[in-house]
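Kindly generate the complete structure, drawing on both the sequences and the hints.
Chains as they are written, first to last, in numbering that gives the first Met the number 0: chain S, 0 to 223; chain Z, 0 to 226.
Treat the hints as calculated values from the structure; they're not laboratory data.
Worth double-checking, as some hints may not be accurate.
[As the list claims (entries may be wrong)] What follows is a set of in silico ranges between Cβ atoms, one per label pair, in the way DEER data are often shown: (1) Z:87 - S:122: 42 to 50 Å; (2) Z:82 - S:23: 36 to 44 Å; (3) Z:50 - S:114: 31 to 39 Å; (4) S:210 - Z:190: 47 to 55 Å; (5) Z:111 - S:197: 26 to 34 Å; (6) Z:115 - S:186: 41 to 49 Å; (7) S:122 - Z:19: 22 to 30 Å; (8) Z:80 - S:194: 50 to 58 Å; (9) S:181 - Z:115: 17 to 25 Å; (10) S:181 - Z:80: 40 to 48 Å.
Cβ atoms here follow ideal geometry from the backbone N, Cα and C, with glycine treated the same way.
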Amino acid sequence: MSYREIVWNGLWKQNSGIVQLLGMCPLLAMSNSVVNAAGLGIATIAVMALSNWAVALLRSLIPYEIRIPVFILIIAALVTVVDLAMNAWLHSLYLVLGIFIPLIVTNCIVLARVEAFAAKNPPVASALDGAMMGLGLTLVLIVLGAVREFVGTGALFAGIDMIVPSARAVQILPADYPGFLVAVLPPGAFIVLGFLIALRNWIEARAERRRQRAMSLDTAAAPA
Amino acid sequence: MSELQPHEPSAPGATGLSMRTGAILVVFTVAFTTVMALTYRATKEPIEASAQAEKLNLIGEVLPRALYDNALLDDRIMIPPTPELGLDQASAVYRARKGGAPAALVLEAAAPDGYSGRIDLLLAVAASGEVIAVRVTRHKETPGLGDYIDIRKDKHKDRPWITQFNGKGFAQVPAGEWHVRKDGGRFDQVAGATISARAVTNAVGRALRFAVDNERRLFAAPGSAPS
Chain S
0 MSYREIVWNG
10 LWKQNSGIVQ
20 LLGMCPLLAM
30 SNSVVNAAGL
40 GIATIAVMAL
50 SNWAVALLRS
60 LIPYEIRIPV
70 FILIIAALVT
80 VVDLAMNAWL
90 HSLYLVLGIF
100 IPLIVTNCIV
110 LARVEAFAAK
120 NPPVASALDG
130 AMMGLGLTLV
140 LIVLGAVREF
150 VGTGALFAGI
160 DMIVPSARAV
170 QILPADYPGF
180 LVAVLPPGAF
190 IVLGFLIALR
200 NWIEARAERR
210 RQRAMSLDTA
220 AAPA
Chain Z
0 MSELQPHEPS
10 APGATGLSMR
20 TGAILVVFTV
30 AFTTVMALTY
40 RATKEPIEAS
50 AQAEKLNLIG
60 EVLPRALYDN
70 ALLDDRIMIP
80 PTPELGLDQA
90 SAVYRARKGG
100 APAALVLEAA
110 APDGYSGRID
120 LLLAVAASGE
130 VIAVRVTRHK
140 ETPGLGDYID
150 IRKDKHKDRP
160 WITQFNGKGF
170 AQVPAGEWHV
180 RKDGGRFDQV
190 AGATISARAV
200 TNAVGRALRF
210 AVDNERRLFA
220 APGSAPS
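Structure (structure tokens):
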């Protein structure tokens, strides 16, 4: 598989958030604001690239029968190492992302990519696959987070001062907007995710119709 | 594609294969546990140091500098595990004095019953019996939902949830009403995330009780050498 295909797969064709629908637990729990979504997304990208790379390196040593426990062991150990290292040496970043990192172990997309890709491919391609799957998930997370935060609270970027101290949340609707709690709670995540999946399916279906029309035009034109 | 394919399970070799696979799993477990243990050892000190530095910053947040004039960090006593504070380990109490007279106590406390486990608190109680301020030092509450107990995550920057304890003592809020409104108390909670607020409110009430009851004893206790 070419690097280009890997990128396209992760971002659109096999997007983990709206096509594979893997990793729903953190996706639904953490996408209630842009900052939370971006935080979880960045941590997920790092862990997925790292675990895919590590498994690809060790893949010839892992017996097929026990690959799943070994994969889980590797992922859990790496997440723990990332968690501790960030806490020790990148403490200000840890204060923002720290709570998200243990959540990543529960994300089955990490295990899914290790099993489906890293177990059969060389380290560099695997790391890229992990990063792109993570990025695809991050983009979905950020869109979900933005919609839910906007509908739920009328503002965007709450909590950004933890990442950029001088930045402030942007109040878009009037400050007396009463808020819409459902959007912030997990059901809101399901509802918005449903709309996102529908939107993606619509775009795909339209592209498919165009392709078919172009093809039928080609065949119609060819004999003449 | 040669890697990670099923082995041909031949009848005579089945036991040997199981043993070998088991041994490989043990090797992987030992190897990665070693990696984790080494990382833990390498990061232990920096993590403790940054937790300590954070605590010093936090003391500044719960106790304004103007309220005391002694060397606060040196005027410290260690108290044994105190169930009233929700602590099962010895903890530090800092004693603030102004002109030699008791001004305030800075205590560590914990709420054991958060939505996701323990919530660590730091609070300052004035010698006159009111809470000066409370801060959450460590918690695992749901981000974006229960984490408003942490002032840095609270969306209401003008009037954060945790500040409603400021200036309240048993004279302002009777001892029986140190609960969230949902439980018949006097303190607000955010709808949909009551458990975090309930845990913190109850813990603050218990800690205030302890501080008020033991104030004289705590101020009189001989200080332990500063670390």
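Right, here's what the structure says about each hint:
no., hint, result
1, Z:87 - S:122: 42 to 50 Å, "46 Å, holds"
2, Z:82 - S:23: 36 to 44 Å, "40 Å, holds"
3, Z:50 - S:114: 31 to 39 Å, "37 Å, holds"
4, S:210 - Z:190: 47 to 55 Å, "49 Å, holds"
5, Z:111 - S:197: 26 to 34 Å, "44 Å, violated"
6, Z:115 - S:186: 41 to 49 Å, "20 Å, violated"
7, S:122 - Z:19: 22 to 30 Å, "25 Å, holds"
8, Z:80 - S:194: 50 to 58 Å, "52 Å, holds"
9, S:181 - Z:115: 17 to 25 Å, "22 Å, holds"
10, S:181 - Z:80: 40 to 48 Å, "43 Å, holds"
In terms of the numbered hints stated before, the structure departs from hints 5, 6, listed from lowest to highest.
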